[in-house]
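*Asks:* Same order as they appear, the protein sequences are chains A and B. So for the first sequence, our numbering puts the first residue at 1; every next one is plus one. So for the second sequence, our numbering puts the first residue at 672; every next one is plus one.
Worth flagging that the hints you see were computed from the coordinates, not collected in a lab. Every residue gets a Cβ at the ideal spot worked out from N, C-alpha and C, and that includes glycine. Careful, some of the hints might be misleading.
[What the hints assert, rightly or not] Pulled a few chain A residues facing chain B out of the computed Cβ check, cut under 8 Å:
#, residue
1, Leu378
2, Thr423
3, Ile425
One-letter residues, chain by chain:
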Amino acid sequence: MRSIRRSLLGYLLLLLAVALGAVGVLVDRFAKAAFAQREEAEKQRIEERYRSLAAEAKNKFHDEVAAQLKSLAKDVQWKTSALIGVQWDGRRPTFRLPEAPPIRAPDETGVQYRLRTQLLYYAAPVGPASTALAVAALEPRRTQVQGFSPYIYPGAPGWIAYDIPRMISRFQEALRKTFEDDEGLRHFQISLHFTVPMLSERTLVQVTARDLPQALPLDAAWLEPQAAEWEPDFDDVEVPGHGLCRRGIVANHAGRAFVFWIWLPPTPLPMPVPGPTYRIVFGRPDVILRVAVQMVRPYSELEQRLVADQQARDEQIAHVQDETRRELDQLRSRLILIGSVTFVSLVLGGWFIVARGLSPLRILSDAVSQVSEKDFRLPVTPGQLSRELAPIHARLTQTLTLLQRAFAREKQAVADISHELRTPIASLMATIDVALRKPRTPEQYRAALEECRLISKQLGQLVERIMTLASLDAGKDHTQFTLVEVAELVNGCAAVIRPLAAANDITVFVHCERPFTIETDAGKLREVLMNLLHNAVEYNKPAGRIELHAWRDNTAAYFEVRDTGIGIPPESRDKIFERFFRADSSRHSTGVHAGLGLSIVKEYLARLHGTIAVESEVGVGTTFRVTLPLTPPPGSSSGIIPPPATDTTTAEPPRTSARATSRDPALPTGS
Amino acid sequence: MRVLLVEDTQPLVKALRQGLEEEGFAVDVATDGEEADVKCRSTAYDVVILDIMLPKIDGLTLLKRWRAAGINTHVLMLTAKTTTGDKVTGLDAGADDYLAKPFEMDELFARIRALVRRGHQQKDPVLRCYDLEIDTAARTVRRAGQIIHLTPREYALLEFLAFHRGKVVTRSMIWEHLYDEYDENTSNVVDVYIRYLRNKIDKGFDPPLILTRWGEGYMLRGDDDPPPARKQPHA
Numbered sequence: 001m002r003s004i005r006r007s008l009l010g011y012l013l014l015l016l017a018v019a020l021g022a023v024g025v026l027v028d029r030f031a032k033a034a035f036a037q038r039e040e041a042e043k044q045r046i047e048e049r050y051r052s053l054a055a056e057a058k059n060k061f062h063d064e065v066a067a068q069l070k071s072l073a074k075d076v077q078w079k080t081s082a083l084i085g086v087q088w089d090g091r092r093p094t095f096r097l098p099e100a101p102p103i104r105a106p107d108e109t110g111v112q113y114r115l116r117t118q119l120l121y122y123a124a125p126v127g128p129a130s131t132a133l134a135v136a137a138l139e140p141r142r143t144q145v146q147g148f149s150p151y152i153y154p155g156a157p158g159w160i161a162y163d164i165p166r167m168i169s170r171f172q173e174a175l176r177k178t179f180e181d182d183e184g185l186r187h188f189q190i191s192l193h194f195t196v197p198m199l200s201e202r203t204l205v206q207v208t209a210r211d212l213p214q215a216l217p218l219d220a221a222w223l224e225p226q227a228a229e230w231e232p233d234f235d236d237v238e239v240p241g242h243g244l245c246r247r248g249i250v251a252n253h254a255g256r257a258f259v260f261w262i263w264l265p266p267t268p269l270p271m272p273v274p275g276p277t278y279r280i281v282f283g284r285p286d287v288i289l290r291v292a293v294q295m296v297r298p299y300s301e302l303e304q305r306l307v308a309d310q311q312a313r314d315e316q317i318a319h320v321q322d323e324t325r326r327e328l329d330q331l332r333s334r335l336i337l338i339g340s341v342t343f344v345s346l347v348l349g350g351w352f353i354v355a356r357g358l359s360p361l362r363i364l365s366d367a368v369s370q371v372s373e374k375d376f377r378l379p380v381t382p383g384q385l386s387r388e389l390a391p392i393h394a395r396l397t398q399t400l401t402l403l404q405r406a407f408a409r410e411k412q413a414v415a416d417i418s419h420e421l422r423t424p425i426a427s428l429m430a431t432i433d434v435a436l437r438k439p440r441t442p443e444q445y446r447a448a449l450e451e452c453r454l455i456s457k458q459l460g461q462l463v464e465r466i467m468t469l470a471s472l473d474a475g476k477d478h479t480q481f482t483l484v485e486v487a488e489l490v491n492g493c494a495a496v497i498r499p500l501a502a503a504n505d506i507t508v509f510v511h512c513e514r515p516f517t518i519e520t521d522a523g524k525l526r527e528v529l530m531n532l533l534h535n536a537v538e539y540n541k542p543a544g545r546i547e548l549h550a551w552r553d554n555t556a557a558y559f560e561v562r563d564t565g566i567g568i569p570p571e572s573r574d575k576i577f578e579r580f581f582r583a584d585s586s587r588h589s590t591g592v593h594a595g596l597g598l599s600i601v602k603e604y605l606a607r608l609h610g611t612i613a614v615e616s617e618v619g620v621g622t623t624f625r626v627t628l629p630l631t632p633p634p635g636s637s638s639g640i641i642p643p644p645a646t647d648t649t650t651a652e653p654p655r656t657s658a659r660a661t662s663r664d665p666a667l668p669t670g671s
Numbered sequence: 672m673r674v675l676l677v678e679d680t681q682p683l684v685k686a687l688r689q690g691l692e693e694e695g696f697a698v699d700v701a702t703d704g705e706e707a708d709v710k711c712r713s714t715a716y717d718v719v720i721l722d723i724m725l726p727k728i729d730g731l732t733l734l735k736r737w738r739a740a741g742i743n744t745h746v747l748m749l750t751a752k753t754t755t756g757d758k759v760t761g762l763d764a765g766a767d768d769y770l771a772k773p774f775e776m777d778e779l780f781a782r783i784r785a786l787v788r789r790g791h792q793q794k795d796p797v798l799r800c801y802d803l804e805i806d807t808a809a810r811t812v813r814r815a816g817q818i819i820h821l822t823p824r825e826y827a828l829l830e831f832l833a834f835h836r837g838k839v840v841t842r843s844m845i846w847e848h849l850y851d852e853y854d855e856n857t858s859n860v861v862d863v864y865i866r867y868l869r870n871k872i873d874k875g876f877d878p879p880l881i882l883t884r885w886g887e888g889y890m891l892r893g894d895d896d897p898p899p900a901r902k903q904p905h906a
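Chain B extracted, bound-state conformation (with noise of 0.2 Å):
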């Protein structure tokens, strides 16, 4: 999942890029409004976490801005406004959270993930196919009460394609969410993740999960998409 972190104090956004990156979160950072703004429209973030007090143009304007303009990134109030009346006017100009500083990372995460399953119209924090178990809130996966152990990368890979289950995500997609501005775009990088993924899902379990769409993307099996009655071995 793909991150706008925009703050301007140096020191906190050093630590929280360490700390969602450790999440699994590709971070994007902004220090100033108009930074932030660009980068915004220009990338469909999945959650930005938003200061109020910026250079240049502070946070609520921007939002406001965003909003008129149709943008419906999740946004996360963060910021060292925290009287009621505050969070008010934050939520009310478009805000989908709004957490005051200081704060516990827990709970900064832990609201990221809601706002990231609002976003995929998902309650449950368990994420369920056939056999597949993806408890977003501990971060574990099961496979037939196996648990596999994966990276961040792979399990941010596994949780992007669940929540786009049954639906073709395509490389491009993959690659928009799951990596950063600074990261190289290499043209085989998603399709080495996959396979890395295939070889802890899928081998040794049946049906196959991850299905490869030639020449649009990748697919997690869907309900309507019926396990074939042999066992096909991947390639």
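Just chain A, same shape as in the assembly (with noise of 0.2 Å):
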């Protein structure tokens, strides 16, 4: 059997598991895209801040080689400017500014130029610290003097250290000044036209020119002189060994001075002589240095200096996407978490809310069970339970009722069973007791026996009647409807009890005017008639009469039987029906109905689907009228086509004739 509490519970929780299962995955995937979208925003913003970082650095980075590039250009120039500067006033060097450089077309003066460039190569080693290229171009045009060729001269720097020592050192020193100011700057050179390493001391290595990056591409466009003082191009440049490097670039004059060329005579002492042996030939201004500045810094650099922005970056994507993805675990657990308690919770209080919702039921069931044979009431009220149980309830006490008043009919039926049968029985046993209590003649016990046959006889009528009704109750019986002809089965019927009749000195009239047949179960019939006639006999009074009719109409054929007996008070009138009730409640000298009789009537009648009516006057008599359809409803048995109707106002009956005849005071039959 199925638990109703479990069931329901099992829906409940069916129910609640699959609410619980779409909530979550629906939060799950709500929760995923928001964090997912969040995650892609804050990577987003990630990148932004990197990017704008990246963008600052290099601008930072294209500024620092701007800076550079300028302040290398301004010392360059500056220097060369120097260089330049110095004059000779014929006892001795004098500075003076360079003037502004007149511009002339190399072959303007028809002097043949001979262009070489030179390269002004400073570099610092390749690393983490900044690599400079300084690159100045120095234009010589020089006019070729005679004898001698600065070419013929390569390595001659002494005559400028023997010269002007102080103004050599000063150039020294600025040169190293400048190019130390940058912690970590160890190498330069710088050529002129000799190739001649003028600073050699301490950290000074010779560079050799195939070691120059010459091979950098360089338009000569950005060697002219620019407008604007000192504005630098920037491009970038693939420099092997250092990769995509960011060059700048700046080309001016640096000015135009008198070269004073020193010349050195060819000394005959194997050594040079101390003091002043050469010979200064002043010249035309003949030198514009025209000065360009290039520098590069690898990319590399910035990537470097980037490397740790970029790890940052990847370190808080990372850490973002961690934190999502530690969010998101943790709201599935607890999203887990809430399923679970919830489902916990609502198991147990489901438990307690059905457990609780049934127990009108199981009140119900506690008082249904405390029914018994003894108590029929439901020991509880409609208030106790709840609305729902109020038709079963009401039902069950209907039932109930029912059954009360049945088993009470039943009771009662079986108590009148018994008792009608005990008062037959304790004759037959008197009767028999008394004949042999002592010796008695042969006539004497012949009595007895007769007496004994006669009480016998009336038990098993009583006990037939008592069967019959068992057995209508049982609804073992069967109805054969078949065409019966009324006139002869009334008549049969008045035959059989005149006799009776006539020994209570009662009259026996028919009135069966027409014959016609109806439909219907024959013998049941015929006993219900007898049973009425029966009645009318014994509860008539001495020299009454009994009249029977029959008629039909168009519906219904009609039996009336009536009587001039001691009538039925008003009380009586629904209980004469009922088993074992008797009108004047004794027992009479025929003795065989018991109080059955009607009941048999009543039962029969259901089954030939008529009606009885009653109508009595105390004293003055009974009318039995028993109506019978012509032919049984459809469906009750086999359909025998009835006789065509016949006028029904000649089948009526002399009702006032009936009414007149009884008028003696009641008396019941019996002695």
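Join the two chains into one complex using the hints; note that each chain is given alone, in its own frame.
*Replies:* Right, here's the structure in full:
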């Protein structure tokens, strides 16, 4: 047997699980989307910041390059100016500020210029420190000086040192200072025409030309002096060994100066003589120094600088991703926790609620279990139950009431049956006991035996009737509908009852004017009429009459039994069809009905689809009228076509005469 | 002893009447309540055997009416109602005994005898008078240890005298208690039976037990009546 509580709880939990699951999945999905969006935004923000940082770093890098370039260029210009600004005033060299160089075409004077491009090169070690590449383009335009060429005297720096030691030293010092300002600038080379190491002391290392990054592409246009002072140009260039580098180039006229050429006569001595033995040749200002400084710094340096930021960015992104995943996990675990707590609490709560909801059922069940054959009342009021159970309660109460009545009726019937059986048995026993008390004559024995036979016969009739009712109750009885000739049947009944009536001095009249047939069960109809007639005899008065009428109309057949008997008081009229009921609560000499006759009549008529009505006046008489359908209702039996209807008016019995017959005072039968 | 049988079942009436009469009871019959009421009020019965389901007036109503009217006749309910509730109702209505149908004849007789004894404040079923012993249960009579055979009517007369021992019973009392409604009341029938009884009881025994009170009736010699010193031949 299924438990309502369990199945209800099961459905509830199933529903809950589905709902929780759906909510959980939806929440999870939305949360996931939201987290992903947030993560993406966070990533973008980090990227943006990184990009701005990178751009800033690049700008800074660019600015650094520019600043360095400018500073370098100024230095270079200053140095070259210083270099070319040294003049000789006849006795000793003097400085003079360079003048603005006249711009002239190389061939303007018709003098053959020999253009040589020299590089002033300055290199720092490649590494985290800046790498500056300064290129100065020296454009010496020189007059062909007779007798010598600067190329003839390579590697002759000594004259500077000798002649103008202070200036040289200052120059050297300035150079060094300049280049040493930057931390880590250790290598530089200034090459003039002579490819002479001007400074070789300490950390100076000569770098040959082939190491120079001459291969760097250089647009010659850039070397033209620009309109604005020191406006550098920038581009990116690939430097072998350093990758992509940022290059800045600035070019300007460093100035024009009289270059004093120091002629160094051939010395007779194997070693230079101290003192000024050289000759200074003054020339026209023949040197236009055009300075171009180019500087590169590899992007790797910028990238190195950005490595930290990149790392920071990656770490931040990873952190964001971690955080998102962690929060998602946390959310999921919370969802699971909430779900399980809800589930568990609903299991407990549901169990309780369902138990509480079912408690009226339990009350009802307890109440029902207290019902017994002794007490059919349901010991619970509808107020103690729920509204839903009220119909059940009402129906149950109704059923129990019916059951109680049926039970009481059954009990009464059993008591009545046993009571009715006891009296004849007592008679039988008393008769036999008396007969056996002492020796008798054969005549006496015979009389006793005849008495016993009479009692036994009555007893048998009684049992027969009880059995008839029992079989009717059990539904074992079968009704056979056939065409019945009414007049024949009525007269047959009258013929049977007449001797008995005559014995009681009662006259029987039969009124059945027109013969007709109805479709019914002849045996049962006869039994009905016989019972009514027996009653009419039994309850009649001496010298009374009995009238039996039979007639029909279009719809039904009617049978009436009138007597002039004691009548039935109004309060008993409903009870006369109950079993073992008798109008005067006494026993009668005939004793064959035992209060069962009208019960059997009622049962039979129910099977014949007929009805019975009773009219009675106490002390005057009683009329029973039986109404039967001409044919049984469809479905109750085999259909036999009844004969065509006859005229109904002629079949009407003379009722007035029947009324007039009963006026004697009521007296029961019996002696 | 005179009994009123109130019963409406003819075969039972017939059998009971025969049985009771053969036991020496005088039996009157009423077949409905009204008849029973009339008879019970007009005659002092020793015992009334009363059915409950009766025409016209049922037995219980009848009994209550009698008790209310001060009629103290012993009533034995004889009915087909067998439940305890029915018995309680019957006894509470004033019945002295209750017997359910079907019943044994012997039991009915025994109960009637018991009721008769109770009516005379007699517990011992054996009535004694000098050397006379009347066993009311076995309906036997002994005098000086010798069994004396009596006809039912003689026995009934002796028993009636014995119940009223030491008291004078009139002829009408004897008549009323020993003869039923259908018996012809001839003037000397009681005297005839007294004579029969004397022949069987007193003849050859001493002292004589049945005394005649002239102008009053008869009586059985009680303890207060000392036996005569000399033998007195009885007329």
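*Asks:* Of the numbered hints stated earlier in the document, which are not met by this structure?
*Replies:* As far as the earlier hints go, only 1 is violated by this structure.
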